[in-house]
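Engineer: Can you build the whole structure from these sequences, using the hints too?
Going down the list, the protein sequences come from chains G and Z.
Counting in the UniProt record's numbering, the first sequence runs from 1 upward without gaps.
Counting in the UniProt record's numbering, the second sequence runs from 1 upward without gaps.
Calculated directly from the structure, the hints in this document are not laboratory data.
These numbers come from a predicted model, not from an experiment.
Cβ coordinates follow ideal geometry from the N, Cα and C atoms, glycine included.
Any given hint could turn out to be false.
Below, simulated DSS-like cross-link-like pairs (lysine-lysine); rule was C-alpha separation at most 30 Å, straight line [as the list claims (entries may be wrong)]:
#, chain 1, residue 1, chain 2, residue 2
1, Z, 225, Z, 303
2, G, 204, Z, 206
3, Z, 225, Z, 214
4, Z, 206, Z, 225
5, G, 202, Z, 214
6, Z, 303, Z, 206
Computed, partial: chain Z to chain G, Cβ under 7 Å [unchecked claim]:
#, residue
7, 118
8, 201
9, 203
10, 204
11, 206
12, 207
13, 208
14, 219
15, 222
16, 223
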Amino acid sequence: MTKRFGDTTAVEDLSLDIPDSEFLVLVGPSGCGKSTTLRCIAGLESPTEGSIYIGGEHMNYRVPQNRDIAMVFQDYALYPHMTVRENIRFGLEEESGYTSEERDARVEEIADLLGISSMLDRNPDELSGGQQQRVALGRAIVRDPEVFLMDEPLSNLDAELRAQMRTELQQLQNRFDVTTVYVTHNQTEAMTMSDRIAVLNKGKLQQVGEPLELYHAPENRFVAGFIGEPSMNFVEGRHRNGTFTSEFFEYPFDSGIRDDVGDTSDVVLGVRPEDIDLKRLPEGGSSGLADHEFRMTVSVVEPHGDRNVVHLRHPEDASESETIHALTPGTTVVDAGTDVVVSVDPDTVHVFDAATGEALHNRRLESEVEVHNV
Amino acid sequence: MASSSSDQTFDVASLVEDYSLYRISQYVLVVLFIGFFLAPLETGLMTAFKTNRAVAETIPLMPPLAEGFTLDNMTFALDALSGAFFNSLFMAIPATIGSVLFGSMAAYGLTMVDWRGQLGVLVLFLVGIFLPYQAVLVPLARFWNNIFPLASMVEPIFVALPILQSYHANLVPLIITHIAYGIPICTILFRSYYQGLPTSYVEAAKIDGASITKIYRRIILPISKPMFGVVFIYQFTQIYNEFLFAFTLITGSDTPEAVVTLILPAVGASTSGVDFGIRMSAAFLAALPTLIIYVAFAEQFAKGLKTDA
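Structural biologist: The structure is reproduced here in structure tokens:
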């Protein structure tokens, strides 16, 4: 599917197959075309090229009401002049096959389910953000649609409520078993809620896959940098004869990486912050360091309680700009200004082509060993 | 104890400081302006209740005293204007409702519904605002008199109706003219309001399966209630006070269907001179409906202005 607005291409050649009852999250930075994609599925925009099918039926020329979808908007779009009851009921009015009593009963049932039955006769502006959010969900659920479309529904809530609604949304989705397309720019929401994530950037689909697959085996530098918080470290440099050289580092590649990288010379090294180990500087200074170890200076430490984000720079880096950041357990305390030894296990290293951004090598991961079900 | 100590340290000089020269002159200016604007009103109202002798002998601003007070002017003016009042309201109320309603519908269609050629139509509406009334007077009169004599067409219906007389049919072309000329400005006023509404209202309703007319009726119309207040007051005042169209389409002040603005200049004026008491009474009575409308819609008006800003 392609969508253009005049000369601007909002979404280019996007192809997605979403199985029944999947929770798919479309994620990407602002203006990447994720909302446009959602609006095309909803029928609020029509694609310039390509086709949309829902349940095997061609949808391009169908008006939204005939697509059997429901949408939750970022600003909830609750009608201010109607009570909660009327708001939820509104979506049901055009549905055939209900008597008036059945409609009322259905509204009560949904309100009960969402825990908003006590506020059915209030106006939306008397409700808190979380309650309004629930009403908006109720309005979508009440029609029992084939597909749920959600456009950043949690972005107007405060952090605590957002976490709570995230769980609730997941439970609801499980309960109704409805295919859901969820748009967000928040990668935490994407990681925690989805069955699969589709990452978009500049109108192009970057990668689709399960959250952990995207995390551990990103197909390109954009996905690698977008998924994960704090984000992956990137060091630009050149690769020659199996050794990676950047402004301050030399990093020898082992045979596995060397085979994947081949003879590409301009590469970017990527390391997740949690894969960087910090050690106390040994007595002999930086002389006795192993192959994958470097001496670096701690510039800033951000304690999070459960973990610390340690910003590191090279001692000879005059600009004092941050080079990489590492995660340490909350109980490991490092002082700013001290020199430490940084070691990076070759097993955890990603290598990207500097020109195309494509991943040449991803970290080795035996799913049985490192990712295991509890 | 705290209060006694504060009494002791009470600073008289600070009082003087508070009433700085700047603020005093500000208030003096405000009071002067209030007087300047209210004096004519006061004069008019006082004159309306004075006998001719009192008008001639007392200061215009003074209230009428004892034998100088009379209600004769009021009753005379009411008598002279009563027919015109009915005509004016019979004309202005439907014309206002019509133009406001159509204006809101047009604004909805031009703002919240997408279709080809929208901009061209909007430009036509804008042109409609800037069209000078003087330029259309002659064509308008010819149209309603010769080409499409609507008044004589609907006359039989008016004869059959209670209260109304056959001559009231002459007001129908005026009503339609006012509706037509009121639509552009109402459309623009509503358009700016609708542009401020979140588009998700319409989109959510669309997904819920509501038709374009249902979205208007159930969602947009109720939401724009405050704006209706604003536009209604504005439009009613415009139409009620309008003179040029009324003068052109209704033959003159001596006809039974004449509206207030046509009658008013003649009330209290005769060959023997101007009767100020009667004139002022008539002017006061003529202004009453617009005042009542303002008071009745004041709350909506304030709300509408607030949401607009």
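Engineer: All hints, please: hold or fail.
Structural biologist: Now the hints, each set against the structure:
1. For the suggested pair residue 225 of chain Z and residue 303 of chain Z, the alpha carbons sit about 9 Å apart, so the restraint of at most 30 Å is met.
2. The hinted pair formed by residue 204 of chain G and residue 206 of chain Z meets the criterion: a straight-line CA distance of about 28 Å does not exceed 30 Å.
3. Restraint check for residue 225 of chain Z and residue 214 of chain Z: satisfied, since their Cα atoms lie roughly 16 Å apart, inside the 30 Å limit.
4. Proximity of residue 206 of chain Z to residue 225 of chain Z is assessed by CA-CA distance (about 21 Å); at most 30 Å being required, the pair is judged to hold.
5. Of the supplied pair hints, the one linking residue 202 of chain G and residue 214 of chain Z is violated, its CA atoms being roughly 37 Å apart against a limit of 30 Å.
6. Of the pairs offered as hints, the one joining residue 303 of chain Z and residue 206 of chain Z holds, with about 28 Å between alpha carbons and a cut-off of 30 Å not exceeded.
7. The beta carbon of residue 118 of chain Z is not positioned within 7 Å of any beta carbon in chain G (closest approach about 16 Å), and the interface hint is therefore violated.
8. A hinted interface residue such as residue 201 of chain Z counts as satisfied when its beta carbon comes closer than 7 Å to some beta carbon of chain G; here the least separation is about 5 Å, so the hint holds.
9. Restraint check, residue 203 of chain Z versus chain G: the minimum CB separation of about 5 Å is within 7 Å; hint holds.
10. At about 4 Å, the closest approach between the beta carbon of residue 204 of chain Z and any beta carbon in chain G falls short of 7 Å, and the interface hint on this residue holds.
11. Here the hint on residue 206 of chain Z is kept, as its CB sits about 5 Å from the closest CB of chain G, short of 7 Å.
12. Taken as an interface hint, residue 207 of chain Z checks out: its beta carbon lies about 5 Å from the nearest beta carbon of chain G, inside 7 Å.
13. Because the smallest distance between the Cβ of residue 208 of chain Z and any Cβ of chain G comes to about 4 Å, under 7 Å, the interface hint for this residue holds.
14. Taking 7 Å as the C-beta cut-off, the interface hint given for residue 219 of chain Z holds, the closest approach to chain G being about 6 Å.
15. Taking 7 Å as the C-beta cut-off, the interface hint given for residue 222 of chain Z holds, the closest approach to chain G being about 4 Å.
16. Because the smallest distance between the Cβ of residue 223 of chain Z and any Cβ of chain G comes to about 6 Å, under 7 Å, the interface hint for this residue holds.
When held up to the earlier numbered hints, the structure conflicts with 5, 7 and fits the remainder.
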